[in-house]
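Chains as they are written, first to last, in the numbering used here: chain A, 39 to 341; chain W, 1218 to 1484; chain F, 441 to 848.
In short, the hints are calculated from the structure, not lab data. Ideal Cβ positions, reconstructed from N, Cα and C, are used throughout, including at glycine. Treat the hints loosely; a few may be bogus.
To be verified - Covered stretches of chain F (in silico footprint by chain W; criterion: 3 or more residues with CB under 8 angstroms from a CB of chain W, positions within the stretch not fixed):
id: 1; segment: 504–517
id: 2; segment: 523–537
id: 3; segment: 544–558
id: 4; segment: 689–701
id: 5; segment: 721–735
As the list claims (entries may be wrong) - Across the chosen pairs, the derived CB separations fall in these ranges:
id: 6; chain 1: A; residue 1: 107; chain 2: W; residue 2: 1467; range: 51 to 57 angstroms
id: 7; chain 1: W; residue 1: 1464; chain 2: A; residue 2: 109; range: 54 to 60 angstroms
id: 8; chain 1: F; residue 1: 592; chain 2: A; residue 2: 109; range: 56 to 62 angstroms
id: 9; chain 1: A; residue 1: 238; chain 2: W; residue 2: 1252; range: 51 to 57 angstroms
id: 10; chain 1: A; residue 1: 134; chain 2: F; residue 2: 595; range: 53 to 59 angstroms
id: 11; chain 1: A; residue 1: 251; chain 2: W; residue 2: 1316; range: 39 to 45 angstroms
id: 12; chain 1: W; residue 1: 1343; chain 2: A; residue 2: 127; range: 33 to 39 angstroms
id: 13; chain 1: F; residue 1: 688; chain 2: A; residue 2: 196; range: 31 to 37 angstroms
id: 14; chain 1: A; residue 1: 256; chain 2: W; residue 2: 1467; range: 33 to 39 angstroms
id: 15; chain 1: W; residue 1: 1293; chain 2: A; residue 2: 51; range: 24 to 30 angstroms
id: 16; chain 1: W; residue 1: 1315; chain 2: F; residue 2: 688; range: 52 to 58 angstroms
id: 17; chain 1: F; residue 1: 595; chain 2: A; residue 2: 109; range: 39 to 45 angstroms
id: 18; chain 1: F; residue 1: 592; chain 2: W; residue 2: 1293; range: 53 to 59 angstroms
id: 19; chain 1: W; residue 1: 1316; chain 2: A; residue 2: 142; range: 30 to 36 angstroms
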Amino acid sequence: MVKGEVREGRESTGVARVSAALWRRAWLRAALTLSPPLAWFLVIYLASLIVMLVTAFWTVNPFTNNLEHQFTLSNFAALFDAPIPAIIGRTVLIAALVTVTDAIIALPFAYFMARIATPRVRNALFVAVLLPLWASYLARVYAWIIILTKDGTLDWTTQHLGLGSPNIAYTNLAMYIVFSYIWLPFMILPVYGALERIPDSFIEASADLGARNWRTLRSVVLPLALPGVVAGSIFTFSLTLGDYITPLLIGSGSGTNLIGNVIYDNIGLANNLPFAAALAFVPIVIMTVYLLVARALGAFEAM
Amino acid sequence: MEGRATRAALVVWVAGVLVFLFLPITTIVIFAFDRSNVQSWPIRNWTTHWFLVAWEDPAVRSALWLSVKAGVAATILALVLGSAAAFGVHRFRFFGRDAVSLFLVLPIALPGIITGLALRSFFTFDGINLSLVTIIIGHTTFCIVVVYNNVISRLRRTSGSLGEASMDLGAHGLQTFRYVTLPTIATALVSGALLAFGLSFDEVIVTTFTAGAQTTLPIWIFGQIRLGQQLPEVNVVVTVVLALTVVPVALAARLTGGGGMTRSTVQ
Amino acid sequence: MIYKTFFRRRRQSAAMIVALALPLLIAGWVSGAAAAPGAAARSAGSGLTPPTQNMKPQQSIGKGEGQLNLIAWEGYAQPEWVKPFEQQTGCRVNAKYAGSSSEMVSLMANGGGGQYDLVSASGDADLRLIYGGDVKPVNLKLIPSWKQLRPFLQSPDFNTINGVHYGVSLQFGPNDLLYSTKVFPKAPTSWSVIYSKKYAGKITIPNNPIQIADAALYLSVHAPSLKITDPYELTQTQFNAAVNLLKEQRPLVKAYWSLASAEISLFENGETVVGAAWPYQTGQLKAAGAKVADTIPSEGATGWADSWLLATKAPHPNCAYKWMAYITTAKVQAEQAVSYGETPDNSLACPIMDKLSKGSCESLHANEPDAYFKTIKFWKTPLAQCDNGQNDCVPFQDWETAWTQITG
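Next comes chain A alone, as it looks inside the complex (with noise of 0.2 angstroms):
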């Protein structure tokens, strides 16, 4: 019997003359269930990147706010005066160790939630990683001004213990913490996924073959490890890319811009809005390219 046929006098009703005809026509159901998805993210995503993008290619009358639909480079061109080049780096060089960071942290971590907890155990660390994101991300930036402020928490605790007064907020260091500290649930989630996913039997063969726990953890567990930390460090790595609330709350206004806070400056601040669109193709460059080798390392299914 070829499959799906549909026997005759018993399941003849509407619905299965329909999904039998649908499971012929594959094409048909590939059409039904991708075109709303890709309609809204052609129709909205992708047409609203295109407008934001082309109005790189404009300028604004400074005085109307009114965009001139003239095409120029000039805005390109103005991506290498200083200070951009050096707040590109200076970006890209915060959300790098902010990665590398969190992956840090979130392996030995993820790693205990996924091999060593109990069910019971996994569950409360499962709860404990995501109950951060409920609280307010505004709230935590915040609460970090508090603590590393002058004469704040940290101040506090060094004081007590004779370390001296670091007095660390409104620096790059003090962005770094913080970014670090509110991706990481963005990194643990995906890693702890791939470690998860190591059948037991690997490293029963790795033992069986005289590997010892280094070189068992060396050459089988990080490799496997190695697309959920990637695909960690796509969050991490687009979310300080473009994020301006932290420099805004916790960045001193000198020497701790991101592109994130100069793009919403020349929307707001400075009204140049083609500027802004501009310095958007940086990061969308950037991680089109970080994407394209993410997948080559086979994040897209550890994410």
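For chain A, the structure is supplied; the task is to place chains W and F on it using the hints.
Using the frame of chain A, we list chains W and F on its own:
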């Protein structure tokens, strides 16, 4: 595999990470009881007065309600569109499939300010007024990605033969979907929905660009942070929201078995 | 059987191409169709006549629409006067806070976008809004308290063009010097303290390009050879000098504040001991028990004069008029002046201020004659056209570029 020393070290590490994760949360909860609206350490005067203020504040209620409305709408849309996309990409081989799967990740992979700026330019260009609808559109766009990721990773780990077997036994497409497919992806849908709602509820960057005069909870919080006059009220609101979400998050974690299938499942 | 597979594959691919292309075509059509009228509408209004000049304002205030959306400075929509207004008129007030005039201009784009009714813009935003067509004429007969406003603020040239009013003047005040009384037992007499290495790492100033005017104001006294008369109309040489001063100041600055609450935190935690501020921060810090005070040094100060302007596409015009009528009454003016720390435009507010807070009328200069305020250089948009007829003054867009370079 792991020795005792390694296990002990890992426990210490996990404890350290938990302290790190909850340090600001503890700060927020403690400062909800701070009398002074200029918040700094150490706290000089303690009070529960701000709880009353928050309870009676109509702005908090309407912001909370608006956030819930936007979150629910965005999550429902994302569930439908995200699972549809996951099914489409998983089941069918078509021209441009790799490009599509890359494209579907963009709203989360590109920084929020770009998504927000792009959407606002688009709405202004087409003369669409910013409103709750545009907020929902913005949120749905990145929520779809979250649901899509969850569902497609579940689909990749389940065998397609179950569906075919169901059809061999005489069930038509809808019955197969209801009795075989849906239960398989149910927990992926729940965890996807939970994550999507959580992202939407706390989202501020895209919302700032897609909201008109509407105030969602994060926008209200940002306004209060700007004003700097009722910061303990913000801490109170965040504390209460946190207390309210512990139970659903814990339930969802238990339901989804700690985030996925257990190790012993067939690859 | 092979050809069936062959055609099935082709059909699947074809279906996908159709599924992809159709939305793309729709997207293109939507964007294209919208672009044509949009472009035409946007290129209007670039001349020197306000585009909305000939719009007839309403002749009476009708029934309130139940809601009012404001774009306001932080502290301009306090419950103290908002709650009575809501009770009296039934208009629920939603305030969106903005930290700078440029932010307000950006939010008001497209006539307020059909979202916002009023914006409390300062002088450096008003002209941009008026010439951009984002605000429309107002009927002053519907605002009875207008007659009580100080004469020089009834029809000032930042909200009245060609005799047409686009809003009503609100309050004004200085950008003053905030200092810690522990470090400065006596009030500093010169702005030089914020440029001094003595307080390196303990200074804060606003993160706003208009700060270049404050530097220019300082130089107008301390570098008289530059001959700066108007800190908003600077020739390239004068501008460069001001920018250099700010670049020299940069290593001394702990942080540039963008939010009023950020400056409050800086002083509260002792991170900074002196800086440029609004009276709002001083008031908040004093209320929290911090040992600070503010002053206007001998060089004078820049300042702001705010107006409530009416958005072209205001969705709640009746509530907007009710607000404008309410906020200009002497009682509410006094309340706002004392709460924020600024000077009311209504000349009858003084005695009420003293009832709310003894001595506030004098400390906020509400009893001074108009001539006194000539020392404050109110914000205005720097344009290429200088008042002396030349066209070589540095326009605001260059101020913004320079500011990015100063702060890095």
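The hints, checked one at a time:
1. Counting residues of the segment 504–517 of chain F whose beta carbon lies closer than 8 angstroms to any beta carbon of chain W gives 3, which reaches the threshold of three, so the coverage claim holds.
2. Closer than 8 angstroms: that is the beta-carbon criterion, and the segment 523–537 of chain F has 4 residues meeting it against chain W, so the requirement of 3 holds.
3. Against chain W, the segment 544–558 of chain F contributes 6 residues with a C-beta closer than 8 angstroms to a partner C-beta. That satisfies the three-residue criterion, and the hint holds.
4. Judged by the Cβ-Cβ criterion of 8 angstroms, the segment 689–701 of chain F is covered by chain W as claimed, because 3 of its residues qualify and three suffice.
5. Interface restraint, the segment 721–735 of chain F with chain W: holds (5 residues with C-beta to C-beta distance below 8 angstroms; minimum three).
6. For the hinted restraint 51 to 57 angstroms between residue 107 of chain A and residue 1467 of chain W, the CB-CB distance of approximately 54 angstroms keeps it satisfied.
7. At about 56 angstroms, the beta-carbon gap between residue 1464 of chain W and residue 109 of chain A stays in the expected band of 54 to 60 angstroms.
8. Remark: the range hint 56 to 62 angstroms for residue 592 of chain F to residue 109 of chain A is contradicted by a beta-carbon distance near 46 angstroms.
9. Distance hint for residue 238 of chain A and residue 1252 of chain W: a CB-CB separation of about 55 angstroms, consistent with the stated range 51 to 57 angstroms.
10. Judged by the Cβ atoms, the range 53 to 59 angstroms given for residue 134 of chain A and residue 595 of chain F holds: they are separated by roughly 57 angstroms.
11. In this structure, residue 251 of chain A and residue 1316 of chain W meet the distance hint of 39 to 45 angstroms, their C-beta atoms being roughly 42 angstroms apart.
12. Against the hinted window of 33 to 39 angstroms, the Cβ-Cβ separation of residue 1343 of chain W and residue 127 of chain A comes to about 37 angstroms, which satisfies the hint.
13. For residue 688 of chain F and residue 196 of chain A, the hinted distance range of 31 to 37 angstroms is satisfied, since their beta carbons lie about 33 angstroms from each other.
14. Between residue 256 of chain A and residue 1467 of chain W the CB atoms are about 35 angstroms apart, so this pair conforms to the stated range of 33 to 39 angstroms.
15. One distance hint, 24 to 30 angstroms for the beta-carbon pair residue 1293 of chain W and residue 51 of chain A, holds here, with the actual separation near 29 angstroms.
16. One distance hint, 52 to 58 angstroms for the beta-carbon pair residue 1315 of chain W and residue 688 of chain F, holds here, with the actual separation near 55 angstroms.
17. For the pair residue 595 of chain F and residue 109 of chain A, the beta carbons lie near 42 angstroms from each other, so the given range of 39 to 45 angstroms is met.
18. Residue 592 of chain F and residue 1293 of chain W have their C-beta atoms about 57 angstroms apart, which keeps the hinted 53 to 59 angstroms range intact.
19. The hinted window of 30 to 36 angstroms between residue 1316 of chain W and residue 142 of chain A holds, with their beta carbons roughly 33 angstroms apart.
In the structure shown, a violation is registered for the earlier hint numbered 8 alone.
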